[in-house]
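Asker: One letter stands for each residue in the lines below.
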Amino acid sequence: MTETATSHGGTDGEHAPAALVELDTTVNGDAVRTQVPPRLHVADFLRQHLGLTGTHLGCEQGSCGMCTVVVDGEAVKSCLMLACQLDGRSVQTVESLAGDELAPVQQALSDEHGLQCGFCSPGFLMTATALGYQGGCPSRGEIREEIAGVLCRCTGYENVVSAIERWFAEHPQQAGSGGEVRSV
Amino acid sequence: MTALEDSREQTAVAGGSLGASLSRKEDERLVRGDGRFTDDVEPARVLYMAVARCPYPHARITSVDTSAADRMDGVEHVLDPATLRRLSDPITVLRPVPGAPTLPYYALAQDVATHEGQPVASVVATSRHVAEDAVEALEITYEPLPHVTDVLAALEPDAPVLHPSVLESNLLAANSSGSGDPDARLAEADVVEEGRFRIGRVTALPMETRGVVAQWRPGARELVVHCSTQVPHLVRKQLAESLRLSESDIRTVASDVGGGFGLKLGVFPEDVLACLHAMALRRPVKWSEDRAEHFRASTHARESVHDYRIAAAADGTILAMTDVYATDIGGWNSPFGSAQLSSVVFNGPYRVEDGYTERRVTLTNKTPIGAYRGYGQPEVNFAYERLMDRLARRLDLDPVELRARNMLTPRELPWRNPSGAVYDSGDYEHCLRMAAERIGWAEHRGHSRTPREDGRLVGIGFSSFVERTGYASARFLAKRGSQFGAHESVTLRANRSGGIDVYTGVSSIGQSSETAFAQVVAEVFGTDYDLVRVHAGDTAASPLNTGSFASRTMIAAAGALREAAHALAAKTLRLAAWRLEVAEEDLEIAGSVVRHRRDGDVAATLADLYTVAITGQGIPPEEDPGLEATAHFEPADAAYSFGTAAAAVSVDPETGEFDVERFVMVHDAGTVVNPKIVDGQVRGALAQGFGAALSEELRYDPETGQLINGSMMDYFVPTAADLPSMELLHTEVPSPVTPFGIRGVGEVGTIPPGAAVANAVCDALAEYGVDLDSLPITPETVWRALAAVSEPASPEPAAPDPAGTGPSDQGVEFR
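Taken in order, these protein sequences are the chains called A and B.
Number 179 in our numbering belongs to position 179 of the first sequence; there are no gaps in the numbering.
Number 535 in our numbering belongs to position 535 of the second sequence; there are no gaps in the numbering.
Hints are supplied without guarantee of correctness; some may be wrong.
Claimed, not checked - Examples of chain A residues lying across from chain B (beta carbon under 7 Å, computed):
id: 1; residue: Leu-20
id: 2; residue: Ser-63
id: 3; residue: Gln-116
id: 4; residue: Arg-144
id: 5; residue: Arg-153
Unchecked claim - Counterexamples of contact, computed for chain A against chain B with all Cβ distances above 12 Å:
id: 6; residue: Asp-24
id: 7; residue: Thr-26
id: 8; residue: Arg-33
Claimed, not checked - Calculated from the model, a selection of chain A residues having no Cβ within reach of chain B, i.e. all distances over 12 Å:
id: 9; residue: Gly-73
id: 10; residue: Met-81
id: 11; residue: Gln-107
Source of the hints: derived by calculation from the structure; they are not laboratory data.
Ideal placement from N, C-alpha and C gives every residue a C-beta, glycine not left out.
Isolated chain B (complex conformation) (with noise of 0.2 Å):
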């Protein structure tokens, strides 16, 4: 059930492959079982490598032997943490938290490990199974630390201290952001609605697990290293780093990647080690992380605790908004670590010109938190939101209007929010009236809250949001301290069989760029589709990049390719001009020819033309030979998509239990450069975004600080079983900041589900007064929440006493 607008006729760009719904370059050899994901990846004598890892949250290891592991048939290389820190130095960060320390994290845990599944010793070996057995064989004593898994107990005085060689509590940093005089606004206000909000630990889990194949050549120096990876570059900075090499030495190759959604940003340890065991052998070294390394080795998301609170005049203004909160880092700052945007776009689509934001980036002994599609934006989204209901009730107002009042309308915009953040352009009440008609909310809001038939009560709930999407400079990042540009940068080659190569950083994680890629070298110059190919991911072939993530790539690379389209263009009439002995101007490029405008027998094959460029045979005396363009293209900001999603629920006051039956996002992605890859993006954003909210949370046991479902058996991903119908509507207010108004696309899906489907619950059971303040929203939570406001006064606590996992009173509090 799909409704798209027709405003989407009015794409800006006119042409053949720009705005069409063109088949995927990638969907041939994937629907063949054709790809070559890392694991496919077999070289001649090829060792495997196995990792042993720490057991507890926090531990000191006090030994490691490796004699009886050493002495197995099949058993080639061992690594323990004091050959590895003579080989190696300590993994870097690519996008630090400002003030943040570094943290000396290597690849095999030094002296005490803060996480369970934290690497301790590798093995290589002839199979799989006999380096397994190996680690079986390893012996490991370790001596168990006091850990701290909650991450407002971890910021209490007597907390255990993570990594008291540098910090001396486990705050990690503490960045504030804010404008005007919040503090001031909040005593005057009419009202305040205030509230704790708890954001579940989750993870991205892509199907393809992470994995890395090292070979090294040392007469040619030469570290060649297939990873899954969405930032093949950055990767081969960080591995010149942490393995004291030159970025010279290195070539890193993601082809197919399945799956990325933030996670796959940089370099872990299991990189580091192949490569160390591969250059010790001189053997190629494979490891393949199994489901079970990957829910403890790779990274988690979004954990965090909120307190937000919205000032309010009587009829509604918003006067004031403040976000402080404490968001988990987990045991180590990964490359990517601790999601940064929550204060971005606290504020939401909002005018708020008085506020603030404080972040208290906390160490706890977990899995280290990572990026995660969306990287901070659906916390904040679920607070705001939920508040911005609360307050619709407390004034007694209709939750849409009051959206309505507070939003930024396009006069407004460029809009600078008190964290700093221009808000470019757009039509957010738009969104809403458009999610509020199609939901139905008049109809609904008309209604009394009487039961159905089949006796459970419906509700509708909103949330309306505003998605950063890409970098808004090089500046900005270098005051972060950021290690990459807000760029992207493409190579145009012709070839003599008439094609354009373009060549990128950029690698295929499922994001449809070697289509869109195609599609706009295609539309700028002039050719046809299927004439354009796209070779992606690796880093011998691609100028040197940034790489896919924070839904920057189309915005940047856009730029790019329409430059270097442009220039190839340019010279390919020059060089036809010449060649045909007519001007310039008279002539076009059409698929495969340049012709003449008027006279069509005027002509010369696009693969006639290229050839004479790169054998220069032919070409006018000042024209130097070749047919190739780098072109880099930086962005003037960053783009906001907006929009709004619209949940109906129906709920059964007796369990708890709650069936989303519909579900509506109205969302803006500026120009689009094929409707078919962007719904995709929405729709699987969404089903993440569902999955956040509704059941998927890491649970770690507070006892034993142990993940307790760290399994595919336990940690629940929707399946198709599972999701309700999305009907989706867009806009298309084009970007003033982006080459062709393009908005990034990729993330924007995760953000609204939690808030709408818990205003939707809120909404149901409005009667009960049931309040819902943390994700994810479970039957559980919903018993829970009415289990507590319909026995307020009972001694017994209606549910099991949630103390042990719950958030403490103490941790954050406003200043």
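Pulled out of the complex, with its shape left as it was, chain A reads as follows (with noise of 0.2 Å):
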């Protein structure tokens, strides 16, 4: 898959100060070979160029967590890391989840009713899914902790928590493996 900044009108383009970058990367587990601006943030790459829109952007200045994703296995704010530094890395979005059927801890959000407008959705599934990749069985209040930098303006969190429990009590092995990672 080779992408050229030019067809993407959203951020940076013809008009870009600087030259591209190379970058060979793997996204939701297929390989990626493009070139992108070097000011363009992952959240934008991943939006624009690759058209993964589940990652949403709330805040760009690392605040508020919409645009949580997985990149070698940790829960990263994507609006604060650039394309570019994706190169050798693998990056996991909330896209890679769900087959036919929902994953566990979509199924569990949905369950405990952890969502309402569902903006924030994303964030709390990757926050998650790189929670499950440390194993273990947190607590209520180490998942709060874990948690806490994904904002949620409609549930006021306590069954984001829940969910996020149930799916660890429910599902230990997926949650210890972070489920299967799917094409895109």
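Dock the two chains into a complex; use the hints.
Answerer: And the structure:
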């Protein structure tokens, strides 16, 4: 898959002041080789270059957590990382979680009514996915601390915490591995 | 830690869907990342808009030179104030303040800007980066003018006047209402408790900022506008007015909306600008608000100063209640500007025959005030509930007993309050008693006020409330000049796959209307919940409606859904009876079929019957073809939700630091359509209530007039680690004025946290005589209050002098 920035008007384009940078990365299990403007951040790269609009933007300064993705197993706010920094790394977005059926962590979020407008849900799901990679079985208090980097104005968080707690309880093996990484 | 009362089982509506915690229709797409929020809409050849904004709180715009920006590579179009004025009319107001003149507010400031962040010019370019670079290249010169940011100072005679062409002062309008003879009651009362209560300025801060994508096809005269709004049909109306188009020319689409909370009610300047650019260029134009813009160019809320009085007899019986208040509206009257419910429920759940309110809607050089969940109700609740606790202390009464004595009883309802609001039904005292029992009030009350082992003092505080949900009537709205109705409208249409499509102008903002609407249709029609699909937020597909705000959607929409589903079901049964050659009365709709009540072999599938109707092939001669119904419904009156919250806190009396250790919310939402959703609404609103009570406040530097904490790093909304556990309890008294007995539920949680926590902190610090009178309550405000009472004679102020931002001594006065 080869992309050139000139085909994407969203951010940067033919008027980028600097030369494009080579990028060789893995997105949701697929190899992506492309060129990106040096000042393009990961969230815009995912949304505008790859069409993965499940990753949302809420503040673009690392405060709200809407844009959280998983990079090499760790939760990362994708508005604070440059696309060129993905070189040689593997990134996982919310689009990777479900197959025909929802992934257990998604099902748990729905079952516990852990979302209302749903704008923050990808941020919580990817934060939980990264938490799952750490293994163990976090307490409610620990879950609250771990997800405090993602804001929500709808739910009051209680049901988000319940959903992640339930996911860990019902699917310890998947929580431990983070689930299967599927292709885009 | 959730406790649900068994009383829910008394739900008045029996049956399959209604009252069940069914899975939400909205969830699957949202958890997959497959929602379609406005910024996800990316038409071919789209261009990007950026906006130049006034950096001053009040300034004359002396020149706008766009030539350098025009010459930049990638810049396609620039709008300056003069061009804008040629092409458009001022933005209209949807819910005017009664008596207020129209303020001319164009999408770009004309001559004078009245708040920081007001749009002055806009640029469209091939990328957002280029557009923002071009904004930097605009040469705009300003002449800063004297400004005023304090709401009371703005009413002083020497304050700079924001809109001198229309007004002689910053008083946009004053409204009063009342009944009885409160002044006489005040004069004869044994006690009068009074106080000034300041409510801080906050903002709804939906996680999705605003956004718009405009596309214009001149030959077709078709303007398609995707935008993040709670009211697509009202946006269409307002755009038609500002753009000088017919509503026929405009289609507004709000697909998924990432939170509204009242902020996304109506047209903002950027919506008009994006449309004008798109019409000039004949190319799609997109604007996605960034968070820094959001803090300055979307709306704020709540800021007000209330001078409250309660007159009472020695036994605690309330004789009169009054509220004279100044409420900030910022630099412009936004479409839903100035919260209008403070006056409506100023007496809360208490029996007040003699009372009045006077509201002074005041312009200041700050971001415009708009609607925000609660719309004036949290503000007055803080004031009257703080005063009730002070009254109890003064009369040496138990604050729970004082409340109970003054609450309206079920037998007194319906009852008209001094503002004319008719409280429909409910058992207010029952909720109060439940809250007192759950929080352990009796044990606490009997306990001495000695510090705990950890040195902290514990306190319990209550807040009892009513919440107006829905609108009284179109007649009520007409008297206030509101540009919308009290009804909702839906269209139901059967399809050949055996499903029912529901079309609504209510956009999906997180309130779960797709789910709740489908539940009502499934229940009334008798079909499966999975066979009902709700299509929301597209003005081209939906009947003209009002929208999602004021906790009104279900109250009004449920009636329309019920009526339309009844009509569709009746026709379906007539067709089935004709086809099956049996009597209609012997048939029933069950899931995906119509069948004979006693002989299951006599049946037809809904898919077949719908196809018959849609094709018109095989229908009775007297029937029209088609299977579709549109219904409009206006509820008989507004319904008043009610309840009591209780907070238990511990306070460090040395530092003022405090923790909310428990929070109990007892609430009545009438008949519950979906318990899971209702709980979610209450929890979410409580979280916003806690934010406004404890950590959120937009602060302006009085010297420069600048917003000093306009970012998510500096404005603290609660995180998952900040909120106490909420214990929810419910009662379920059906409302007599709404379909199924539903009461609105969206806003109620915002109301009680401030008063309950403040009362709890004051209870913990009762021996110090600490009295809190402003929101938010922070450790700093508690420490200042402690310092003020523990060292009253100190010549040095115990805390920094707050005079610069504090209340002025003149301003609002009792009349």
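Asker: Could you run down the list of hints and mark each one as holding or not?
Answerer: Okay, the hints, checked on the actual structure:
For A:Leu-20, the interface hint is violated, since its Cβ never comes within 7 Å of a Cβ in chain B; the closest pair sits about 14 Å apart. The interface hint given for A:Ser-63 is met, as the beta carbon of that residue sits about 4 Å from the closest beta carbon of chain B, less than 7 Å. Below 7 Å, beta-carbon pairs count as interface contacts, and A:Gln-116 has one with chain B at about 3 Å; its hint therefore holds. The criterion of a C-beta within 7 Å of any C-beta in chain B is met by A:Arg-144, whose closest approach is roughly 5 Å, and the hint holds.
A hinted interface residue such as A:Arg-153 counts as satisfied when its beta carbon comes closer than 7 Å to some beta carbon of chain B; here the least separation is about 5 Å, so the hint holds. Taking the minimum C-beta to C-beta distance to chain B, about 24 Å, the non-interface status of A:Asp-24 holds against the 12 Å cut. For A:Thr-26, the requirement that its beta carbon stay farther than 12 Å from each beta carbon of chain B is met, with the minimum near 18 Å. Consistency note on A:Arg-33: stated as away from chain B, and its beta-carbon is indeed over 12 Å from all of that chain's, at 23 Å minimum.
Distance check on A:Gly-73: its Cβ is at least 19 Å (rounded) from any Cβ of chain B, clearing the 12 Å threshold; non-interface status holds. The Cβ of A:Met-81 sits about 17 Å from the closest Cβ of chain B, beyond the 12 Å cut-off, so the non-interface label holds. Consistency note on A:Gln-107: stated as away from chain B, yet its beta-carbon is not over 12 Å from all of that chain's, at 8 Å minimum.
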